[in-house]
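Could you build all of it, start to finish, from the sequences and the hints given here?
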Amino acid sequence: MLKQRPFLIEALTAAGLIAAPFLLPLIGFAPNTANRILVWGLFGLGFDILFGFTGLLSFGQSAFYGTGGFVAAYLLTRAGFPNVMLALVIGMIAAAAVGYLVGLIALRRTGIYFAMITVAIAEVFFFVEFNPLADWTGGENGLPGVPTPSIHLGFTTLHFTTGWSLYPFLAFCYFIGIVLALRIVRSPVGAVFRAIRDNPLRATAVGHNIHSYKLTAFVIAAAYAGFAGGLLGVLQAFMPPDAFTFDTSGQLVMQTAIGGRATLFGPLVGAAVWLSLQDFLQATLGLGAAWKLVLGIVFVLLVCFLRNGIIGGIASLYDLATGKRAAQEPKDVLPATNAPAEQPQPAAEASPARQTDAPSAPATHLEDGTTASPILQARGLTKRYGGLLANSDIDFRVNRGELRGIIGPNGAGKSTFFKMLTCEVPPTSGTIVFEGNDITGMTVTDVCQRGLTKSYQVNQLFAGLTVRENLTIAALSALRGKFRLDLFRRIQNIPGLSERVEQTLELVNLTARPDTPVSELAYGEKRRLEIGLALATAPSLLLLDEPLAGMSPRERVETVKLLKSISQGRTMIIIDHDMDALFELAERVTVLQEGRVLVEGTPQEIKNNTTVQEAYLGGVHGVLAA
Amino acid sequence: MINWPNFVSQLFNGLALGALLALISSGLTIIYGTLGVLNLAHGAMFMIGGYAGYVAFEYTHSFTAAVIAGSLFVMVLGVVMERVIIRHFYQRPHEDQLLVTFGLGICFVEIVRLLFGSQSQMVPPPPLFQGITSLGFMFYPTYRLAVVGIVAVALGTLFIVLYRTRLGMIVRAGIEDSVMVDSLGINVYRVFMIVFGIGAMAAGFAGIVNAPVVSLTPGVGDDILVETFVVVVIGGVGSFPGAILGGLIAGEIISVTSMFNPSYAYVMLFAAMTLVLVLRPHGLLGTQGRE
Amino acid sequence: MSTKELRQGMGSGVSRRALLQAGAGLAGGALLPISLSMPVYAADHPAIGTYPDGSSGSSVFIGIAVPRTGTYAVQGEDELKGWQLAVEHINSGHELIKKISPKTTKGVLGKEVKIGVADSAAKPNEAVQAQQRFITENKAVLLTGATSSAVAVATNKLAQREKVLYVAGISGSNDTTGKDCVRYGFRQNFFGQTAAAAIAPVLVKQFGKNKKAAYLTPDYTYGHTVTKAMQDHLAEAGWTTVTNQVSPLGAPDYSSYLLNVVNSGADVLMNVNWGHDAVLSIQQAKQFGVLDKMKLVVPYQVPFVARETGGLMQGVYAATDYWWTIEDKYPLAKMFNDTFSKKYGYKPEWGAENAYISFAHWARMVEETGSFYPPDVIKTYEKGETIPSFVGDVHYRPEDHQCVRPVIIVKGKMEKDMKNKEDYYDIVEIVPGDGLMQKPDAFGCHLGDYT
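So the sequences go chain by chain: A, B and C. Heads up, the first sequence stops at 1295 in the numbering used here, and the numbers go up one at a time, no gaps. Heads up, the second sequence stops at 293 in the numbering used here, and the numbers go up one at a time, no gaps. Heads up, the third sequence stops at 569 in the numbering used here, and the numbers go up one at a time, no gaps.
Simulated from the structure, these hints should not be mistaken for laboratory data. Incorrect hints may have been included.
What the hints assert, rightly or not - Some chain B residues close to chain C (C-beta under 8 Å, calculated; not the full set):
#, residue
1, Ser120
2, Ser260
3, Ser265
4, Val269
Stated by the list, open to error - Covered, in the sense of this in silico footprint (three residues per stretch, anywhere, with C-beta under 8 Å from a C-beta of chain A), are these stretches of chain B:
#, segment
5, 84-97
6, 112-118
7, 222-236
Just so we're clear, the structure is a prediction, and the values are computed from it rather than from any experiment. Glycine included, C-beta positions come from ideal geometry on N, C-alpha and C.
See the structure below:
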């Protein structure tokens, strides 16, 4: 509902911010509460990008809030810096720089480790601010006397003081913040953020350098935190030392979860709920110290029953009321890839691009006329897990344009072999040469960027996104490289993206359901999308790990047809247990047994090979011969 | 005060601090290792162990009763928490688990604050361990000395449970490879419940044992929680030996730094953690398994 | 007395008008100062801060931010009772309040006093946040609260910026009326400098010259200034500092610090820690045998520390603002003790005393001024008139707004000598305030503007 009118959210936000001071007093909001909510909301914008969109839950945002706040406050109070706005920006830059350094350490690990490390780092910041840096930060006294901003407009000067007079300034800052945040989440970078949140493993595998993207999200969050920290000082004419404490981080996390993650407005709503409940419980109901317990219980209930917070809840209710199923409308502010049905592009622009950039199939890495040369060559590949030898001394060569099958009984080491080829696991010994380059020891991302990727045996999809978004993410890596900081670029403006997505949709036969969330797809459709993800990265060599696994006979027939059409002009290696299908598809077949190459040849040769029959096919020989 | 007697005293004190941290951290780490849930309410459970023991002590005036009550109460609380809430979060993302346990931790602290107020409560050490013991090179509170022994016994018991029983084998196997355990047809959910109970009990036990040392306030678990994070990160998440090693290292760092300048104790602790992360991202004794 | 916040139609109306102006200002016009649009009630005075809005109705509002959770919660609750009792007395025109503020009839200038209470957790940020709300929402005419000098300093600055009077709750730092003093802030209670000046001679007389002292100092403005003041005063008698253990607020374990102390060879342990930190560090000092090796001194007495440490304060010297047994000497103190303990069931400690008396003094100043106009009320304070308190006659210094008042030196009673369960201390000496205080400009106080 939001993607057709790209400026709708911005306009509504502006209207809301302008209307708020006229409406809020009617329901008993004090100006300072409104101002505080804005500061928390701005703080939360960055955090929501980090947590809601990228899936990185940091309990250490206070470190950056405090850093930005103290740098700005120091400049304004002790260093005699005259310009409030400039000081705020410098504070923001300082926080971002610190965020970059902290991110380098914290992002060495993910998930729970990451959360713990951020807690610990935030604690260090508090101690450092309190002790070694006390001469600059005022230690426990903080920095009092932060001035309020004045803006010279030539003909007049605007003074922002306190209360409602400061509100326009903060509202303006928040508005800029939300506009930038919206741009970011709608940019290609924003799409990759969501991919990382939903499935970091696959985001890596389709060729995105997720570490750099995570660091980007971390720095963005730190910058927002730093700016908000500076505003806190301006708001209360005092930069308090407690801005650095763990409680601040905890409150931010809770407010974001209460309001709704991945909504950008969640932290604002959460802060409004938090601060008004705090006022209400403490002052009006006279609950005194119990106010925090009530908030804690509200928080736990929301986490348990309303995963997407208040905004998520409202969205679900709205969908219910309008007869839509909740799941059909993803809660995120969507990155709108170019849906031709909705946004017809000038044909003149679109069609030449399609002709030049993308020929019959999006296999940009494929060069013509060299079909006989090897595209992939592995020598002496060995993988040892402790005492277990998974693969032993495998020599393997695939020529350009070939369709190779790999078979072998369970435990033959097929999947390990694939994982080594795509550089998901490093070989214990041996080398892999792809398109003439030694790729041994490279990352899976780099290998994908070079045109070698894999579809997984067990689906690795971006489960929270739609079919189109899934393919967009994969296509982005081929079109933008493994890392690019086009934070403010519109995703629609990437040349060739929508064409590639459309082509892939056609290839994997999902054109009918581009906007369906992955969670609603049938199993067969998910399998096709799994292959589509690999295809959208435009690989010159595509590895398919059991593409037919778990399919019904009818689905198998369809998928075999699909694989055939994909294989046009492409090099592929397929592992599968469905021997009939594989013999029908493959030009040559390699048989693995106990981690070694048993034999290699055309399907006919393999069928007739006695060693294979004895060692592997024994029981089903009759079937094969028939 | 940099002199030999003080150095030796601080080293010893570091051992005492470290032993307690090791016990609390091992509870956190086995829950995480087995269930994959990082319990942010662990610090609150440490605190509740102390308060439950305090209540029992007020009624019975027996320290033994206080220890039993504190441990059992928190174990039951852990089991209930696992059954009622945590169980529904196994299938949800890590982030949700963190959020819900974080929220529960706050609720626990605030409930205790509501019931007992912010004023500190005292549980006196048992008569047997009151007073001061001379160790030759230093005087040390007898009870703190006893805590080292008590914690050592508790860790030993935990070791036996983890390394010499069938349950322990399942738990350790789960830490190595949770999928495998699933496929062995073991009722993992029952195991999860028991592990959560044991892990919580370790915190509760530590809480009541520590109560005579620090006196109780509702916030007593908050700082401990952050320290246990550092311990498990240093030792390796999910590793029981790592928790013990990490605990002892953390204790010594805090104590020895305090000899020079106590205000840098925490900074040094976190610096050590950063160093470990850079050199050995999985912790000193951690495995690659869990993330 | 009502702690319920009142929201007058008046307040939000003005706010909206002010905002309309802000909007107009943004739209291109000049941003008028809010004050110009305010209806002027008192003909002679321009609007300033919450004046005249805050005092134009039938009641006036006082904002209180006090720690009800955290390390200083116990002392905070005691302070709160002092304020509540003072407000009750002011509103009912109690006899006690009339002794301090003779012109008081009922309320202040006939207006009922209402209060709003917020939990500051002894954190400056929380306190400032709450006070800002009280100012904008309730048009508070007076702010109070502290129990942490960091909070006092922060509220000082807020008061000066918002032009609303502030009377400090418990605040022991020299800075509160020293380098961080403000025109709009006043402090009644004793502080680091006066505590040290009063107790140092007693200590020298008791323990002798050239002693070695170890300090336990909480790491914030109060702790550092008290420790510094003690060191300076004792240095004159040849005392040296062998170690100064600085610990964070709310530290759970003092073992490392105490080991440093025990191995330092000190004769006297100066425990500057406060609130729950004091209780804990004293208990642990006992456990580590520190108290057997050296004498404990608490330079800045902590309310309820004797009760909470269960006998460990016996024989310990401390400087304090007030101890209830001075009632033998001061009749007003007796009246205060009686009304307080009748209402709350225990003898007030100095937090409650300071709270009560600073409200009473404020009420007196406003009555004397005849108006709530803050600059005039400040000028009344600055006349430096001698006024009554529970510890005899006192006055406020115009140069730094510090109340010149005696410091009471007490010594913990042995259990056998205690006449009742609250008889924890002997009064050793009541040191007159005049000689104790530094020169008004010694700590770099610049009060700032009236308007």
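Right, here's what the structure says about each hint:
1. Ser120: Holds. Min distance 4 Å.
2. Ser260: Holds: closest Cβ of chain C sits about 3 Å from Ser260/B, inside 8 Å.
3. Ser265: Result: holds, 6 Å to nearest chain C Cβ.
4. Val269: 12 Å, violated
5. 84-97: holds (count 6)
6. 112-118: holds (count 4)
7. 222-236: holds (count 6)
The structure shown violates just one earlier hint, number 4.
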